[in-house]
Amino acid sequence: MTHPRLTPDPARTGLNEAAQIGRGVVNLLRKPNGARDRQLLLGADVTILWREDGWAYVQAAADGYCGYVGVASLAKPQRTTHKVNAAASHAYQNANMKSIDRAALSHGSHLAMLDETDDFIRTSHGFVPKQHIIDVEAFATDPAAIAAMFLDTPYLWGGNSRWGIDCSGLVQTACAACGIACGGDSDMQAAELGELMPEGTPPQRNDLLFWKGHVALVWDDEILIHANGTAMSTVFEPIEEAKSRIAKTDGPVIAHRRLPAVE
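Taken in order, the sequence shown gives residues 67 to 329; the numbers are from the working numbering.
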């Protein structure tokens, strides 16, 4: 898909250096010190396309999204073995829940296990409880259930973490947890994600409803879940109420798409 956030300057893409996000949550910026477009989580693989004045212009391996991150937030790539499947977790200094926490980890963060104890894996960032992680190749089967883990998460434009998330970030996170390839912006998702349903099709769980600049995930035939600026949070909302409210500012629903079944 041709999209400005997926199309780096071909005259400046000669570096092609593999790297990995080395901090908990990193803003992906439109320009150095500029606006945030999306976020990348710990362990996300990226390709550095060029560097300038302490910044790296990178392309995310997961969805092709491009933007600037601080060079200090990058690390050498390593093979990740686990990912956080709780809403959030911590990496502790020692294999003890009472020890000092060294890093906050959002759902979807990727980790490389160095060794393990009965209750923790040891990583370069600290000890992470086994209750909060799964194998990196394991996937959930219900995007809506993943989205519900983010209920009451503060709304954050361009956010992709438990500390702040927006509408397309919520959908991307829910899809990624289920192994469904998903773009980072709602227009990308409306163009390519799942199957476009005919107008008038009754919504079912895990369908997506799109407005101009907004997307929501269907919870059941009456309720949807979405991150939105009106609530400044991720919330449940009756579908018909949401349609009526959003139509006043953004117009009617422009697309209804159905995600592929996940087994």
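Do not rely on the hints blindly, as some may be mistaken.
Quick list of the computed label-pair ranges, beta carbon to beta carbon [what the hints assert, rightly or not]:
| id | residue 1 | residue 2 | range |
| --- | --- | --- | --- |
| 1 | E118 | T183 | 39 to 45 Å |
| 2 | Q144 | S310 | 36 to 42 Å |
| 3 | E118 | K309 | 42 to 48 Å |
| 4 | K97 | N162 | 28 to 34 Å |
No lab work stands behind these hints: they were computed from the structure. Ideal Cβ placement from N, Cα and C applies to all residues, glycine included.
A quick look at each hint next to the structure:
The given range of 39 to 45 Å is respected by E118 and T183, whose C-beta atoms sit roughly 43 Å from each other. Checked against the given bound of 36 to 42 Å, the beta carbons of Q144 and S310, roughly 49 Å apart, lie outside it. Separated by about 45 Å at the C-beta atoms, E118 and K309 satisfy the suggested range of 42 to 48 Å. Between K97 and N162 the beta carbon distance is about 43 Å. The supplied range of 28 to 34 Å is therefore violated.
Consistency note: the structure conflicts with the earlier hints numbered 2, 4.
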